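Colleague: Here the protein sequences line up with chains A and B, keeping their order.
Position 73 of the first sequence, counted from 1, bears residue number 73 in the UniProt record's numbering, the numbering being contiguous throughout.
Position 100 of the second sequence, counted from 1, bears residue number 100 in the UniProt record's numbering, the numbering being contiguous throughout.
Treat the hints loosely; a few may be bogus.
If chains are identical, the list can't say which one is meant, so a pair holds when it fits in one copy or spans any two.
[Unchecked claim] Here are the simulated DSS-like pairs of lysine-lysine, each with C-alpha atoms no more than 27 Å apart in a straight line: (1) 91 to 46; (2) 26 to 46; (3) 91 to 26.
Simulated from the structure, these hints should not be mistaken for lab results.
The model shown is predicted, which means the values in this text are computed figures rather than measured ones.
There are 2 protein chains.
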Amino acid sequence: MDTAERLVESTRELLWERGYTGTSPKAIQQRAGVGQGSMYHHFAGKPDLALAAIRRTAEEMRALAEEEFSAPGTAVDRVTAYLLRERDVLKGCPIGRLTQDPDVMGDPALRAPVDETLAWLRERLAEVLAEGRERGELNTVLDPQAVAATVVAVLQGGYVLARAADSVQPFDQAIAGVLGLLAAHISMPRT
Amino acid sequence: MDTAERLVESTRELLWERGYTGTSPKAIQQRAGVGQGSMYHHFAGKPDLALAAIRRTAEEMRALAEEEFSAPGTAVDRVTAYLLRERDVLKGCPIGRLTQDPDVMGDPALRAPVDETLAWLRERLAEVLAEGRERGELNTVLDPQAVAATVVAVLQGGYVLARAADSVQPFDQAIAGVLGLLAAHISMPRT
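Work out the full structure: start from the sequences and follow the hints.
Modeller: Below you can see the structure in the form of structure tokens.
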């Protein structure tokens, strides 16, 4: 990896582990094994580097989610696959956790990729659910926009519960709960 | 308010606004209008003061939630009242946000009240839902433990979505979504 790449990857790790406020330029330089002069040669400063890191993480998250959203199967199959995908639960969501960082939320440039990623997830999930409703897989009473927001919220909140408990159990329970609730909305097959 | 009280209240505000890592002893002293010597006379340090602040916030949150959980009405009425209660959505949950603070999660004494509060919420909601099931208000397929975790996760995740969007809309949608899903589990009245 070249120097700029090492800096971005180190920043991604530190943002996930320690948040933005808790990550110093010095810590980034140490993890990347890069001197201060070299860091400021490649990036204007911590916000610039953090923006590159957050964008990279957001792109990867979208690509992974899109694999599940555009897979074959019913809407519920695809939402289930998305919810049950293996995750590093105790580390939390590298994008969602940034919402608790006042310095990220207070900087429109840094907040933008966080906002866009979570909005995109809700939008794509709403499309998948709307498709399921149109195909007659899901009850017509189901509101795709609202349930999409619920699904993304359950994931983000599940991480919060898991971190508090230092256990994946409440995360798994929250996912099982929403899948159980969703199951009651699956239309009976027309025989 | 006496000095110790002013210090605890200032710490509560700062923890909510800036998190633990982002709150310095100096900032607490300034907000409380208290000198450094006086602060260390009342509290051993920032962790000690933060513990008092987190405990106070946790107690208040439980008392407020318990009002809804023990109110009259069906289980769904009570869960609905809890979910729709007025909240300072864009500020987030003063307890949940601490889970994103590695210094809080890394200190067993500080993590304990966060863990206990969220576990208590899940437990009480599971009791309310189990009661609704026993009374025949809810379908027997509904898993009270799992749905309780879902409800708490939707709230915590709703805050995350609202902060990212700088709007209460996704929070309100996530709540509407889970209430819509729950509605399909209400048993038909026996006529």
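Colleague: Quick check: which numbered hints come out false for this structure?
Modeller: none
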